[in-house]
Amino acid sequence: MAIDRPIEELTIARVHEGYLSGEFTAEELVTAYLERIERLDRSGPKLNSIISISSRAVEEARRLDARLAETGVLSGPLHGVPVVVKDQIETAGLPTTFGSIATGDYQPERDATAIAKLRTAGAIILGKTTLPDFATSWFSTSSRSGVTKNPYDLSRDPGGSSSGTAAAVAANLSLVGIGEDTGGSIRLPASFCGLVGLRVTPGLISRAGMSSLVKPQDTAGPMTRTVEDAVRILDVMVGYDEQDDYTAAAVVSRQDRPYADALQDADLHGKRIGVLRQAFGDAADPDGAEVNTAMEAALAALEKGGAELVEITIENLDEQVGFTSLYTTRSQADMNDFVRARPGAGVPSMRHLIETGQYHEKLDLLEAIVAGPEQPTADAEYVERVLGQTAFQRQVIGIMARNRLDAIAFPDAKLPAPTREDIFADRWTCLTYPTNTVIASQLLFPAITIPAGQTSTGLPVGLELMGIPYGEHGLLALAAASEAVLPGRTVPEV
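The sequence shown runs 1 to 494 under my numbering.
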């Protein structure tokens, strides 16, 4: 069977309308996405965003169709929603590679908690998506999958580390996708690929079954084409999980209403948005100037829509971001703890990958992690870095309180998506690329990127809105209101 309507830019609400009206079935939609993957990802432009495809997706769709035909009601909030998942998150019945050539045919026995929640809600896991080895880059370079192409310009990178999810959802190879964000791995590729990408307060979503990079900062999250779809997924994924004690955050947040309710409050009038120009691009750089032009137009649209813009400054921003980074202090211990608990994955340690050469040559962050201490306390400055992080939090929350801000706005990156030539010629490395997404990550703040516009050559530019911990309701309402007045997403011509 084949669906007889275009599947580009479908939303969860529109799909559910189609199922309930009989316009199309879940089996037809899944089949259409699989055909599109074959045509655009495996053939044609060869985006190379999907590592593996579920052999059970069509069968699962048929079961959902039969249940709907029998009961007349959807089986859950994500009934028949095809989802692609970053291959950093374990999935039963599908290999999980972590983007590494060293993991062989590793297949976990059970789903990560976040994936189990999606399945219980009726979602269909369509396939797993590309990422750099163990999520250690802002780019797609992977020993397992090579490089992934950006659907907006095939010579450019889609960003990392949720590279494949960004490219796949942007190219309409799936309805929605799941990424992971430690320092910006959801938001940076989402911004490069014209998507909405949401990072929540760490701990609202369980990380059980998801490889770690900096455990206190890690979180899974949705990557979608609309804010509404991101919220629908978020409502399914959040919650306490005894397998991840960091999800105590979900208890502390005490959310007594669905995040979807926030969309009813979407209005820019009366909202105060701090503008962080320290995070804008270099106006003397043509690429940076392109980002700035798109950002200025987006801010003007927000102001015209009713928001009040407030210029702010964060004292010693670059120095604080640099000092509070824990990648070369803590990551090796967190990553080793994860792989050692999974002997079947065949990776005894991160150092083993470096010593045996089983990693992509352009992963300077992975090399830097392994060159650092195996235990964070071996870094004489570790305690000061952690204390510096909490001081950084207090400083920024104070700025928001004094200025009565609902969020702080800035571009996700100071430059558009780089070319593969730039990456392989070392014009940019992971450690030198000017991304701003680390700000929210190291503050342990929630943040969302939404499409703000494009450069003169058609490359997407993302606007990041950063809120306070546990402030997701207000942040999502602001994002939805902003989405309504911004130029929004342009569909890539793949």
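Hints listed in this document are in silico derivations from the structure and should not be mistaken for laboratory results.
Computed from a predicted structure; not experimentally measured.
Heads up, a few of these hints could be off.
[Stated by the list, open to error] Restraint ranges, calculated between C-beta atoms of paired labels, are given here:
#1 P286 x T429: 44 to 52 Å
#2 E361 x R5: 43 to 51 Å
#3 P487 x P434: 18 to 26 Å
#4 G398 x H269: 21 to 29 Å
#5 R404 x D318: 24 to 32 Å
#6 G22 x T429: 27 to 35 Å
[Stated by the list, open to error] DSSO-like, lysine-lysine: derived pairs with alpha carbons at most 30 Å apart:
#7 K304 x K414
#8 K117 x K215
#9 K271 x K304
#10 K414 x K215
#11 K117 x K271
#12 K46 x K271
Even glycine gets a Cβ: it sits at the ideal position worked out from N, Cα and C.
When you check the alpha-carbon spacing of K46 and K271, does it fall within 30 Å? violated (43 Å)
CB of G22 to CB of T429, is that within 27 to 35 Å? violated (53 Å)
Does the Cβ pair P286, T429 satisfy 44 to 52 Å? Violated - the Cβ-Cβ distance for P286 and T429, about 21 Å, lies outside 44 to 52 Å.
Could you tell me whether the CB distance from R404 to D318 stays inside 24 to 32 Å? holds (26 Å)
Given the proposed pairing of K117 with K271, does the C-alpha separation stay at or below 30 Å? violated (34 Å)
Does the beta carbon distance between G398 and H269 stay inside 21 to 29 Å, or does it fall outside? 26 Å Cβ-Cβ, so the 21 to 29 Å window holds.
Is the hinted range of 43 to 51 Å satisfied by the C-beta distance from E361 to R5? holds (44 Å)
Is the Cα-Cα distance between K271 and K304 30 Å or less? Since the Cα atoms of K271 and K304 sit roughly 12 Å apart, the hinted pair holds (cutoff 30 Å).
Proposed proximity, K414 with K304 (alpha carbon, max 30 Å): At roughly 24 Å apart (the allowed maximum being 30 Å), K414 and K304 satisfy the hint.
Proposed proximity, K215 with K117 (alpha carbon, max 30 Å): Cα-Cα ~21 Å, so holds.
Does 18 to 26 Å hold as the CB distance between P487 and P434, or does it fail? holds (23 Å)
Mind checking the alpha carbons of K414 and K215 for me, to see if they're no more than 30 Å apart? holds (26 Å)
In summary, the structure is inconsistent with hints 1, 6, 11 and 12 from the numbered list given earlier, while agreeing with the others.
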